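Line order of the protein sequences matches chains W and B. Take the first sequence: its position 122, counted from the start at 1, is 122 in the UniProt record's numbering, and no numbers get skipped. Take the second sequence: its position 143, counted from the start at 1, is 143 in the UniProt record's numbering, and no numbers get skipped.
Treat the hints with care, as some may be off.
The calculated lysine-lysine pairs, modelled on DSSO-like cross-linking and capped at a C-alpha distance of 27 Å, are [unchecked claim]:
#1 B:Lys-84 x W:Lys-5
#2 B:Lys-5 x B:Lys-107
#3 B:Lys-200 x B:Lys-223
#4 B:Lys-5 x W:Lys-107
#5 W:Lys-84 x W:Lys-48
#6 W:Lys-48 x B:Lys-247
#7 B:Lys-146 x B:Lys-247
#8 W:Lys-84 x W:Lys-107
#9 W:Lys-200 x W:Lys-247
#10 B:Lys-146 x B:Lys-200
#11 W:Lys-146 x W:Lys-84
#12 W:Lys-247 x B:Lys-200
Just so you know, these hints were derived from the structure itself, not from any lab. Note that the coordinates shown come from a computational prediction; the quantities given were computed from them, not determined experimentally.
In case you want the letters, here they are:
Number of protein chains: 2
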Amino acid sequence: MTISKRTIIYVSDGTGITAETLGHGLLAQFQGVEFRPLRFPFLDNEEKARDCLARINEVGQREGVRPIVIMTQTNPDLSAILHKADAFFIDLFDTFIAPLEQELDCKYTRAVGRSHGHANPDYNTRIAAMNFALAHDDGVSDADLKNADIILVGVSRSGKTPTSLYLSLQFSLKAANYPLIPEDFERDQLPSRLQPYRGKLFGLTIEPEQLHRIRHERRPNSKYSSLENCRYEVAAAERMMRREGIKWFDTTSKSIEELAVQLMQELNHER
Amino acid sequence: MTISKRTIIYVSDGTGITAETLGHGLLAQFQGVEFRPLRFPFLDNEEKARDCLARINEVGQREGVRPIVIMTQTNPDLSAILHKADAFFIDLFDTFIAPLEQELDCKYTRAVGRSHGHANPDYNTRIAAMNFALAHDDGVSDADLKNADIILVGVSRSGKTPTSLYLSLQFSLKAANYPLIPEDFERDQLPSRLQPYRGKLFGLTIEPEQLHRIRHERRPNSKYSSLENCRYEVAAAERMMRREGIKWFDTTSKSIEELAVQLMQELNHER
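Isolated chain W (complex conformation) (with noise of 0.2 Å):
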C-alpha cells in the first residue's frame, strides 16, 4: 500500500488545543496515510485571516492536493475568510453551535478561549495543585499530606511522579507520592506515614520485565536494575497493597492521560 500524505492545517482565534486534541483523535482513525500539522493559534484579526487562507491555498498548490483545515473560530467574519480557502473544512463552531443554540434557547456569546491567567481563581487552585504535587513528589515531605486529594503509592519509576502532575495540572488535584522502597517490603509493612490515609491511597505496579529496562537506563548492571531485583520489587509491593487493600493500576502500557482519568474515577467512587 502507498502511503499519502495530507497536510492538516489548525486554525483557532485560541491555542488551537481544542482543535488539535480533536485533530489527532480522528486522524489516528487513519493509519494509510501520512499526516503534517501546520499551526495557526491566536488567529484574531483579519490580516491574520488573510495570510492564513494565503498559506491554505499556497499548500494546496503545492501538493497539488486541498488541506485539511481543522478550526475552531469564534469569530464569524474571520471563518468566513478562511472558509474561501480551497480545503476540507472541519469547523467545530459552525458544526455545533448553531444546533447547540436551538437546544439550550440561548444566543452564544463568542468568548475566544478565555484567558485564565493569575486573576482567576481556577488558575491559582491549578498553581496551588502544582505546588502541592511538587512537593510531595517522591516522598519528599509528609508534612501537609492530610491535605492531599490523593497519594500514589509504588516502587521506584513506576509512573507516580508523571502521574502525580498530570493529576494536579489537568485536575488541579492535590496528589502526592510516596515510593515503596526494600525497607517496606524487608518490615513488611506500609511506610507508617501514611497509615492514616488509606483512603486515599492508590497504588501503580509495572511489568518487571518494562521495569528493568526503565532503570537500566538509569543505573545500567546495578542490583537496583536488575531484572531479579525488579521482579521481586514489584511482586512485594502488589503483595502489600493487596494485604492493605490498596486498589492499583498497571502503568505497563497505559499513558498518563489513561492513568489519570481512571483514578479520577476512582475518587469519584470513593467520594
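Start from chain W and add chain B according to the hints.
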C-alpha cells in the same frame, strides 16, 4: 435572566479528554446556561453501553429536559445503542469520520484512543522531557542546559515552573527554568551560566501588583513580597531582558496553555 441548567454527558471508549476539551470550548460560548458534567470514560462493551443508555434517559426524566451527550465512540455497535437515548447528541466520530473517509479515500481503522504506555517511544520522550523539566526547575541544576530545548527566565513567582512542566508534559519539550534574582540585578548581568544559551532563552514577566499578591500569600510582610520590591525586581528584570534581546511574555492574564502555545510558536520561528 433566569439561568437554566443542563446536564452534559461525556461518553467515550477512551479517556473522554477529547470530548471534554471540545465540550468546554463549545459550552463556554453559552454563558446563560449552567452546565453539570457527567462522565462515562472507557465505555468499551455492550453492558456499559446499556447502563449508560439507561442513565442518560433517567437523567432526562428526572430533569424534565433531555441531556446533551458529547461523544467520541469509535465502535459503531456501541454508538448505535447509545443513540437510542432521548438526548441531544454531539457525536464527533459520526459527524466527521464518514466525510473524512471520502476525502482521504481511505477506510477508517477504528483505533480506540491508543495506549501510549512505556512501550511507546513517544511516551519515553515525554517522560524524559518531564524528568528534564523537574531536574532543571528553578535553576536547580545547570549540568545539562545545553540539551534544553528552551530555557525560561524571570523573577521568582512569575510562572516559570508551571509553564516548564506543561511544555514538557504536553509538547515533550526539555524545558529548563532559571530565576532572575536581586544579585543578578545588582550586578546588572544575566547569570553567566546562561550566557552560552542566548538562542534558547525566553522571559516571563508579570504585573508587580499581581506578583505582590502571590508572594504575599507565601511570605506575608516580607521584603520579598513588598510591592516596592516587586516593582523593583520586575522593572530590573525587564530592563535586563530588553538589553540582552530576550523576548518575553507577560503572564498576568494568560493561561498556562496560552503561554505554552506562544512559546512553541516562537521556537518554530527560531528553528
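Between W:Lys-146 and W:Lys-84, does the CA-CA distance stay at or below 27 Å?
-> Not satisfied, since the Cα-Cα distance of roughly 57 Å exceeds 27 Å.
Is the hinted pair B:Lys-146 and B:Lys-200 satisfied, with a Cα-Cα distance of at most 27 Å?
-> Roughly 9 Å between the alpha carbons, so the hint for B:Lys-146 and B:Lys-200 holds.
Does B:Lys-146 pair with B:Lys-247 here, judged by a C-alpha cut-off of 27 Å?
-> Holds, at roughly 19 Å.
Does W:Lys-84 pair with W:Lys-107 here, judged by a C-alpha cut-off of 27 Å?
-> holds (26 Å)
Sort out whether B:Lys-200 lies within 27 Å of W:Lys-247, counting only the CA atoms.
-> Violated, at about 43 Å.
With a cut-off of 27 Å on the C-alpha distance, tell me whether W:Lys-48 and B:Lys-247 pass.
-> Given pair W:Lys-48, B:Lys-247 holds - Cα atoms ~21 Å apart, limit 27 Å.
Do the alpha carbons of B:Lys-5 and B:Lys-107 lie within 27 Å of each other, as the hint requires?
-> violated (40 Å)
Is the straight-line distance between the alpha-carbon of B:Lys-84 and that of W:Lys-5 27 Å or less?
-> Answer violated: B:Lys-84 to W:Lys-5 is near 38 Å, above 27 Å.
Has the given pair, W:Lys-200 with W:Lys-247, been kept, meaning a C-alpha gap of at most 27 Å?
-> Holds, at roughly 10 Å.
With a cut-off of 27 Å on the C-alpha distance, tell me whether B:Lys-5 and W:Lys-107 pass.
-> holds (15 Å)
With a cut-off of 27 Å on the C-alpha distance, tell me whether W:Lys-84 and W:Lys-48 pass.
-> holds (14 Å)
Does B:Lys-223 lie within 27 Å of B:Lys-200 when you go C-alpha to C-alpha?
-> Answer violated: B:Lys-200 to B:Lys-223 is near 32 Å, above 27 Å.
Consistency note: the structure conflicts with the earlier hints numbered 1, 2, 3, 11, 12.
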